[in-house]
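A.B. asks: Listed here are the chains, written in short residue letters.
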Amino acid sequence: MQPEAAPPALLSVRDLTVAYGGRTAVQAVNLDIAPGEIVGLTGDSGSGKSTLGLALLGLARPPGRILAGEVRLSGADLLTLSEPQRRSLRGREVGLIVQNPRASLSPLHMIGEQIGAVLKAHLPLDGAAADARAVDLLRNLGLNDPERRAKAYPHEISGGMAQRVLIAMALGAGPRLLVADEPTSGLDVTIQAQFLDELWKTARDVGSAVLLMTQDLGIIANYCDRVLVMQDGAIVADDVTKRFFAAPRDVYSRTLLSLERVAPPVAPGDAAIVLEARGLSKSFRLRDGRKVLQAVDHADFVIGRGETLGLVGESGSGKTTVGRCLLRLIEPDAGEVLFEGRDMGRATPAELRRLRKRIQIVFQDPLDALDPRWTIRDIINEALERPDAARVSELLGFVGLDPAVAKLKPRALSAGAQQRVSIARAIAAEPALIVLDEPTSALTPLARVEIVRLLRDLQARLGSSYLFISHDLSTVEHLSHNVAVMYLGQIVEIGTREQIFRSPRHPYAKALLAAHLAPDPSRRRVDRIEDAKLAGEIPSPIDLPRGCYLAGRCPEAVASCRTQLQPLRTLRDGRQIRCTPVAERDGAKTDPVAA
Amino acid sequence: MVRFITTRLATTIIQLAGLALVVFFAIRALPADPVARLVGLNASRDAYLSSQKSLGLDRPVLEQLGAYLGIIPGSSGLLQGDLGRSWVTGSPVAEEIARVLPITLELITVSFVIAFLISVPLGMLCGLRPGGVADRITFGYSLFAGSQPEFWWALLFIFVFFAQLGWAPPPLGRLNPMSSPPPFVTGFITMDSLLAGNMAAFKDGVHHLMLPVLTKVFVLSGPIVKMVRQNMVRALASDYVLYARGSGLWPARIAAIALKNALAPALTLLGVLYGYILGSAVLIETVFSLGGIGQYAVRSVLAFDYPAIQAVVLVIAAISLFVYLALDVAHALLDPRIVS
Chain A
0 MQPEAAPPAL
10 LSVRDLTVAY
20 GGRTAVQAVN
30 LDIAPGEIVG
40 LTGDSGSGKS
50 TLGLALLGLA
60 RPPGRILAGE
70 VRLSGADLLT
80 LSEPQRRSLR
90 GREVGLIVQN
100 PRASLSPLHM
110 IGEQIGAVLK
120 AHLPLDGAAA
130 DARAVDLLRN
140 LGLNDPERRA
150 KAYPHEISGG
160 MAQRVLIAMA
170 LGAGPRLLVA
180 DEPTSGLDVT
190 IQAQFLDELW
200 KTARDVGSAV
210 LLMTQDLGII
220 ANYCDRVLVM
230 QDGAIVADDV
240 TKRFFAAPRD
250 VYSRTLLSLE
260 RVAPPVAPGD
270 AAIVLEARGL
280 SKSFRLRDGR
290 KVLQAVDHAD
300 FVIGRGETLG
310 LVGESGSGKT
320 TVGRCLLRLI
330 EPDAGEVLFE
340 GRDMGRATPA
350 ELRRLRKRIQ
360 IVFQDPLDAL
370 DPRWTIRDII
380 NEALERPDAA
390 RVSELLGFVG
400 LDPAVAKLKP
410 RALSAGAQQR
420 VSIARAIAAE
430 PALIVLDEPT
440 SALTPLARVE
450 IVRLLRDLQA
460 RLGSSYLFIS
470 HDLSTVEHLS
480 HNVAVMYLGQ
490 IVEIGTREQI
500 FRSPRHPYAK
510 ALLAAHLAPD
520 PSRRRVDRIE
530 DAKLAGEIPS
540 PIDLPRGCYL
550 AGRCPEAVAS
560 CRTQLQPLRT
570 LRDGRQIRCT
580 PVAERDGAKT
590 DPVAA
Chain B
0 MVRFITTRLA
10 TTIIQLAGLA
20 LVVFFAIRAL
30 PADPVARLVG
40 LNASRDAYLS
50 SQKSLGLDRP
60 VLEQLGAYLG
70 IIPGSSGLLQ
80 GDLGRSWVTG
90 SPVAEEIARV
100 LPITLELITV
110 SFVIAFLISV
120 PLGMLCGLRP
130 GGVADRITFG
140 YSLFAGSQPE
150 FWWALLFIFV
160 FFAQLGWAPP
170 PLGRLNPMSS
180 PPPFVTGFIT
190 MDSLLAGNMA
200 AFKDGVHHLM
210 LPVLTKVFVL
220 SGPIVKMVRQ
230 NMVRALASDY
240 VLYARGSGLW
250 PARIAAIALK
260 NALAPALTLL
270 GVLYGYILGS
280 AVLIETVFSL
290 GGIGQYAVRS
300 VLAFDYPAIQ
310 AVVLVIAAIS
320 LFVYLALDVA
330 HALLDPRIVS
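Chains A and B, in that order, give the protein sequences. With numbering that gives the first Met the number 0, letter number 147 in the first sequence gets 146, and the count goes up by one each step, no holes. With numbering that gives the first Met the number 0, letter number 102 in the second sequence gets 101, and the count goes up by one each step, no holes.
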């Protein structure tokens, strides 16, 4: 497992070059993987990771072609073998897991059948034996009721489950090397951690080597023995994980890790309250008219001047709906929003227009939020009282763009630059509060780092407050003064960044933070003894149970949790938490805030 | 699945009921006088009036509708399964349609099945190697076949296979006028002759079907091959095929996965195609003097034979909708996402 010991390589790649038409995507790559070793491969979007991964199996996505090089697997060069010989190695010697698992399964075939097909292609099994084996694999991967799951079609299972089906297909024939390309993109944090734990454990159990490709340095720090960094089709760094994170040698990784070394923002002392939400609730009636989806359930929070409140939670937790209710882009069902002391809900249309200049929003996908037919100048001018070229240049300068981009259209810019334009538009009216709804989620890691920097600079310079909505805990940690954790529409814990990130108290917040993979190999998740694991996946936000929504999954649940609504209670250290057993242990006063 | 079929069936019935009403009013809105057409321009006023009375056209439109639908007491209409009597021949329209419809259905169903059996493997072959020899030849063929109208190909085939080579019989109907037709059971000549054990009539029936089917298959195959090929190319470029290759599946298994994914969406389009060729059957029926429902429809329209027009439209629509339904069910069986 130690590359220093230099055991004979399981996989040895030399001068591998892949090109799409005239564009070279992978340029003379050399790499070695020892048996049983878990190697991380990182790099920005478009650096050639996925192309390299497929080329290791002798494949290229059309019109790509492998132009040169050797891929030696236990000595034999895969690229000089005949196609039938290569076929027999794929899946048997090298397993493959890709991103977007559901698109990688045929939509018209049952998943048991698809796993069985891989088994039959490599092992001397008949149909019935392959089916039975497929069910066993699913059971070993922790799927409940594997017989029924095997008869499900890909559209009937969750993304996390589909990803496990891919592990079953990749490991079913017992390969010695597993190539996993962004296996957790699109999964929620807790599911991602569960999945990677399983992958890590399975690989260690069967002694198979793994090449884990990911943009997330947190994943690499937590699960990999060695790190490779790819840039523009070439490998620019190759180091043992601990040494890599201590002192990355390449510019790309240094930039990504630079945020870790910058102290998080200091909370302004005794800030005046800019916005206060009280009992904010919103439910949606589903199309069939009977079922109700509770998106936001009695949310209470305050945001002070110059302060950032981070709102975290997994998909479907209601984060985005909260943000939209604040601007009344969605009309809340109940509760009030006091902005600078005025009730947004009672504002007349004219007042609301004025108020909306003071609260701005930045969306996840910048290209969707910018009119493609307008120039950048038009887009920013629209947010100003009257067209003002000097002010447009000034704003573009604020967000770190060359004023010359004003005459371009959004499509001519990179996603990161588009997001800067969105931010420039948002700050044009000098708002008191900006709602940032996953502003970094559609960006590459490098662009994400730059946007986080920019947001911190702007806050220091303009003193605006942020509501920062994200599922990406690292980014939230870099930006927020206070953090609220949402689960199924409820804020389950709200406190300062240190309280939430260092010592979460609510069982869900604990599980969420335990699933957070920090880019720090000294705090590896696999070395930690997990105290409280949540069972199962997040239930659907339709027809929620009475009592605590977490009760069915919670290791600390007591009988009353299942029947009684949990109020948000203030603990002695000032944070609020929606968990009666924990609050009572803390000795919190009874019911200071109505649920 | 049962729920899916029930809902689709209910929709079909509502569509048919709506169509019956539309047709009923639409033909009455035409600036035409069926009575004058029937009795002739020189008929006396009395003859005109008595003819008008016997056709029921002297009654208010809503009363006519009631009689047509069979909701007026004592009347016999659609609800009783009665399509009325032809104003031209005086015999029940249902009987006439039962005689002509099987001729058309036999022709287009046989053509359809043969075209499908040829086109699917061909489309698959083209899709597996886009730009290959098979793909280029097929592309040339479908351009060629689609470049001329169907009846022109029919005439050309008659010229070659009947007039020049003498392999095909003359284009004068479903059977040799000298041979004795089998007793009427289903109306499908091939089926009836087999039921009667009359092998001579069966051979003759198939022989006479040869050229019309050849024409239909020749013209139909182009679009079906194209459709299967496009879907196949798309399926082969998908992530699941790339992943199947990465998992080391046998090439034949990958082709089978791609074909299933390529065929499922093609089924719905086949239904549309079937309805279309049923509606346009008149051309080929005329060229080969087959006397099918297409020719019957044209004759009824030209004679302002209201009951016949209404019945033909309803029957053709019912068959098209039934085929849609059957193909939708087949699609749902192939693709479980449709039902959920």
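FYI, nobody ran anything at the bench for these hints, they're computed from the structure. Hints may contain errors.
Unchecked claim - List time: in silico DSBU-like cross-link candidates among lysine-lysine, alpha-carbon distance up to 35 Å: (1) A:Lys150 - B:Lys259; (2) A:Lys241 - A:Lys290; (3) A:Lys150 - B:Lys52; (4) B:Lys259 - B:Lys225; (5) A:Lys406 - A:Lys150; (6) A:Lys200 - A:Lys241.
Claimed, not checked - Reference listing, derived: stretches of chain A covered by chain B, where coverage requires no fewer than 3 residues with Cβ under 8 Å from a Cβ of chain B: (7) 40-51; (8) 55-64; (9) 106-118.
Unchecked claim - Okay, the calculated beta carbon distance ranges per label pair: (10) B:Thr267 - A:Arg147: 28 to 38 Å; (11) A:Ala127 - B:Val112: 27 to 37 Å; (12) A:Ala102 - B:Gly131: 21 to 31 Å; (13) A:Gly126 - B:Leu268: 26 to 36 Å; (14) B:Thr267 - A:Leu407: 17 to 27 Å; (15) A:Asp14 - B:Phe115: 33 to 43 Å; (16) A:Leu407 - B:Phe24: 57 to 67 Å.
Note that the Cβ used here is the ideal one computed from N, Cα and C, for glycine as well.
A.B. asks: Could you run down the list of hints and mark each one as holding or not?
C.D. replies: So, going through the hints one by one against the coordinates:
1. A:Lys150 - B:Lys259: Given that 35 Å is the threshold and the Cα spacing comes to 18 Å, the pair holds.
2. A:Lys241 - A:Lys290: Answer violated: lysine 241 (chain A) to lysine 290 (chain A) is near 51 Å, above 35 Å.
3. A:Lys150 - B:Lys52: violated, 66 Å
4. B:Lys259 - B:Lys225: Satisfied, since the Cα-Cα distance of roughly 16 Å is no more than 35 Å.
5. A:Lys406 - A:Lys150: Distance of about 56 Å is beyond 35 Å: violated.
6. A:Lys200 - A:Lys241: Given pair lysine 200 (chain A), lysine 241 (chain A) holds - Cα atoms ~20 Å apart, limit 35 Å.
7. 40-51: violated (count 0)
8. 55-64: It holds, with 4 qualifying residues against the three required.
9. 106-118: holds (count 5)
10. B:Thr267 - A:Arg147: 28 to 38 Å: Given a distance of about 30 Å, which is inside 28 to 38 Å, the answer is holds.
11. A:Ala127 - B:Val112: 27 to 37 Å: For alanine 127 (chain A) and valine 112 (chain B) the Cβ distance comes to about 34 Å; the hint holds.
12. A:Ala102 - B:Gly131: 21 to 31 Å: Between alanine 102 (chain A) and glycine 131 (chain B), where Cβ atoms are some 27 Å apart, the hint holds.
13. A:Gly126 - B:Leu268: 26 to 36 Å: For glycine 126 (chain A) and leucine 268 (chain B) the Cβ distance comes to about 33 Å; the hint holds.
14. B:Thr267 - A:Leu407: 17 to 27 Å: The hint (17 to 27 Å, Cβ to Cβ) is violated, given that threonine 267 (chain B) and leucine 407 (chain A) are roughly 43 Å apart.
15. A:Asp14 - B:Phe115: 33 to 43 Å: violated, 50 Å
16. A:Leu407 - B:Phe24: 57 to 67 Å: holds, 59 Å
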